[in-house]
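Enquirer: Hey, can you work out the whole structure from these sequences and the hints?
There are 2 protein chains.
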Amino acid sequence: MVKLHGFQTLTSVDEALKAWLFAWSTKESQHDMLFLADVYGRILAEDIVAMDNLPCFDRSAMDGYAVRYKDTIDASQSNTVKFTVVETDEVAVGQAKQVWTGNPLPKGADAVAMLENTVHEDSVLKIHNALTPYINVIRHGEDVRKGQLVAKKGTRLNPYNIGLAAALGYSVLKVYQKPIIAIIATGNEIVAVGTQADKHQIFDSNKFILSAMCQELGAETIDFGIVRDNIEEISEKISQALKIADALITTGGTSVGGLDLVPDAVNRVGKPGVIVHGIALRPAMPTGVAVLNGKPVMILSGNPVASLIGFEVFGRPAVCKLLGLNEPEYRLPLKATLTRKVSGVLGRKTYVRVLVKLRMGELIVEPVSAKGHSAISTMTQSNGYVVIPENCEGLREGETVLVQMFGNIGVDDVNVS
Amino acid sequence: MVKLHGFQTLTSVDEALKAWLFAWSTKESQHDMLFLADVYGRILAEDIVAMDNLPCFDRSAMDGYAVRYKDTIDASQSNTVKFTVVETDEVAVGQAKQVWTGNPLPKGADAVAMLENTVHEDSVLKIHNALTPYINVIRHGEDVRKGQLVAKKGTRLNPYNIGLAAALGYSVLKVYQKPIIAIIATGNEIVAVGTQADKHQIFDSNKFILSAMCQELGAETIDFGIVRDNIEEISEKISQALKIADALITTGGTSVGGLDLVPDAVNRVGKPGVIVHGIALRPAMPTGVAVLNGKPVMILSGNPVASLIGFEVFGRPAVCKLLGLNEPEYRLPLKATLTRKVSGVLGRKTYVRVLVKLRMGELIVEPVSAKGHSAISTMTQSNGYVVIPENCEGLREGETVLVQMFGNIGVDDVNVS
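These protein sequences, in sequence, are chains E and W.
The opening position of the first sequence corresponds to residue 171 in the working numbering, with each subsequent residue numbered one higher.
The opening position of the second sequence corresponds to residue 171 in the working numbering, with each subsequent residue numbered one higher.
Among the hints, a few may not be true.
Copies of the same chain look alike in the list, so a pair counts if it fits in one copy or across any two.
As the list claims (entries may be wrong) - Straight line, CA to CA, 27 Å or less: simulated DSSO-like cross-link-like pairs of lysine-lysine: (1) K277 - K252; (2) K465 - K441; (3) K527 - K505; (4) K369 - K323; (5) K322 - K527; (6) K527 - K491; (7) K441 - K197; (8) K277 - K369; (9) K527 - K188; (10) K323 - K527.
Simulated from the structure, these hints should not be mistaken for laboratory data.
Expert: This is the structure:
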């Protein structure tokens with residue numbers, strides 16, 4: 171807890187996040203029944219259970235000949251064993267049937283001799299090595315057993331679990347409807363893109379950043395426009411937005427001229443209102459989190475970088491919860507070596523924007539400098555965050571750090587194969 | 171080059187990919203003009219150039235007081251300098267104006283004293299440390315200079331470059347239309363999901379995996395159904411698909427019972443037809459790449475894992491090219507320690523499915539075993555590939571390897587903050 175102008179105290183990120191995420195719950199949301207071709211990225215609203223074994227028959231894992239393994243017991247380099255090649259769906263003692271990868275094993279067969287280890291002349295096959303039971307055979311149920319849980323409710327559907335559902339014969343899956351998140355920008359100086367801005371006015375950019383970050387996670391957003399720095403107007407707009415949306419994000423008005431316009435407006439609208447305002451987080455200290463009508467409200471800074479980092483820290487886990495995910499999705503953590511020291515501030519968790527590069531097979535991290543926290547170009551120059559914990563003054567040059575990646579590593583720097 | 175049944179020779183991945191990607195070019199594709207709220211994930215079809223400085227005025231980086239820095243030169247802990255606080259839009263010598271973070275600097279001012287370093291009583295402000303020019307000020311053009319190229323044509327739009335475009339006043343961006351990729355499944359044993367499968371039939375799962383992998387990159391797909399193992403039917407379907415689509419993927423029929431049905435069908439449709447068939451790639455050796463009507467054709471295995479790895483290696487860079495991206499997008503490469511040795515095959519590039527976990531702050535890699543290559547469940551248990559190069563027999567336990575990540579690291583294993 172740090173004493174600060176405009177805030178009684180600052181609350182730690184972990185404390186604020188925990189308190190807020192416990193203060194609202196996700197309604198068992200509506201679901202859609204979607205054809206498999208349309209479920210990519212959606213969240214499962216049911217368990218996927220194997221209705222059958224996969225594969226549902228024994229199949230050859232190789233091109234070759236299906237035989238009874240016992241018939242090959244005496245085979246060796248010096249002792250060739252001969253088989254009669256048949257075309258039937260069953261192999262008897264001393265018989266072999268040609269199979270290609272994926273073919274069902276003929277009845278009676280329990281092993282496959284690889285093509286390259288056999289000699290086939292007319293209807294006679296010569297095998298000169300002993301086979302073991304079910305060698306080169308994929309057993310029924312080897313991939314998935316009937317009744318097995320293959321994907322849990324609350325899992326995000328990726329190409330591979332969609333493929334597994336298809337292989338099991340599912341054509342339609344039950345997925346959660348996308349949560350709808352309203353976004354309100356506040357500020358007398360803010361104008362909408364596409365309009366003419368006077369000098370000293372600035373375009374509303376936060377809304378598009380936050381909307382894209384919501385879309386990235388799979389949520390939908392509704393733009394509730396721009397509101398002046400007026401507590402009545404802000405309250406009114408918040409009430410309207412929460413009639414429609416599952417959650418609300420505001421930007422700006424968290425410490426305007428020393429006033430907490432949006433937090434005060436939120437508290438006017440209902441209970442419990444603001445849970446925490448003022449976070450020990452750099453650069454998103456004026457962030458607030460609230461609950462109205464059982465719905466989560468994020469009160470973000472008007473400063474673009476502070477607002478998106480506030481969303482990264484609070485919005486991301488909240489949206490994951492709204493989506494119906496079992497667990498929050500984290501950015502991929504990547505270990506790399508710092509090329510320059512970075513400073514933290516004791517008592518605050520600091521998000522440092524960095525650029526990770528792959529140079530001569532080594533992953534290196536360059537901090538991206540910025541004088542102010544508002545420079546959105548620092549985000550387009552970065553591909554990750556290094557997070558400096560509250561109890562740490564900074565990180566040394568040459569130190570190995572974990573980077574939370576939000577962007578790609580450029581092709582000039584990558585040689586991954 | 172390795173001699174092999176069914177293939178005269180195997181071509182290396184790099185050689186095949188290079189030959190194929192050079193054999194077709196992307197038409198300057200149609201573009202859409204989209205509102206900023208709808209461009210997330212799309213590819214820029216124009217450069218974004220700053221129409222103005224960002225910010226377009228000098229603004230305060232802090233809560234505090236704007237002054238002329240020269241007036242503070244004599245200030246020190248032992249020598250307080252006094253200012254008259256004014257409300258005007260200009261500060262003269264000896265005057266100060268209160269500003270909040272983001273406020274425009276009043277005319278005449280060239281520095282901001284931080285609130286916590288001042289004492290304000292009535293209309294008198296006391297400053298007891300000397301300021302330097304433009305300290306705590308974000309200069310106009312400091313984020314972006316007028317005329318600066320902020321995002322190149324061929325860049326994928328993420329939340330941050332969308333935000334930068336908004337901050338510069340763009341409301342609409344020109345993006346490429348999504349390429350359309352046709353997918354044809356072949357195989358007598360294949361049935362569509364949603365229908366009744368007999369014993370020994372298998373559901374078409376490849377199509378959904380490949381479609382989702384295309385969607386993941388931002389392409390659209392059209393399902394051209396399932397075709398029997400008949401060269402005329404396959405040729406006919408390929409011709410139909412290429413009338414509509416920008417590219418084609420086939421699965422199956424690349425080495426059926428020793429026959430190359432799909433490659434032969436492709437060569438019947440037109441020139442140049444198959445560029446390479448048979449790749450030194452494990453587990454996707456029967457992959458082929460072709461060009462018809464100037465459009466890329468991917469001939470993938472009927473085996474789910476081989477088909478998706480064939481797509482990973484050939485389809486991914488091809489789709490990136492079709493999208494209009496400047497550079498192929500690679501999976502994030504992550505360095506981690508192998509917990510078990512993995513074997514390669516000399517002369518072939520091997521894709522090993524692995525599960526990366528974060529354990530006690532260390533990233534570790536567990537290979538995911540599979541007897542056959544068809545077990546799609548190995549993909550749902552993995553989150554990355556380790557690629558063993560052609561000239562390498564395998565990787566040792568304890569070795570640090572680069573992993574190409576395609577999935578998240580589970581929450582149980584992550585503590586990234």
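Enquirer: List, from low to high, the hint numbers that the structure doesn't satisfy.
Expert: 4
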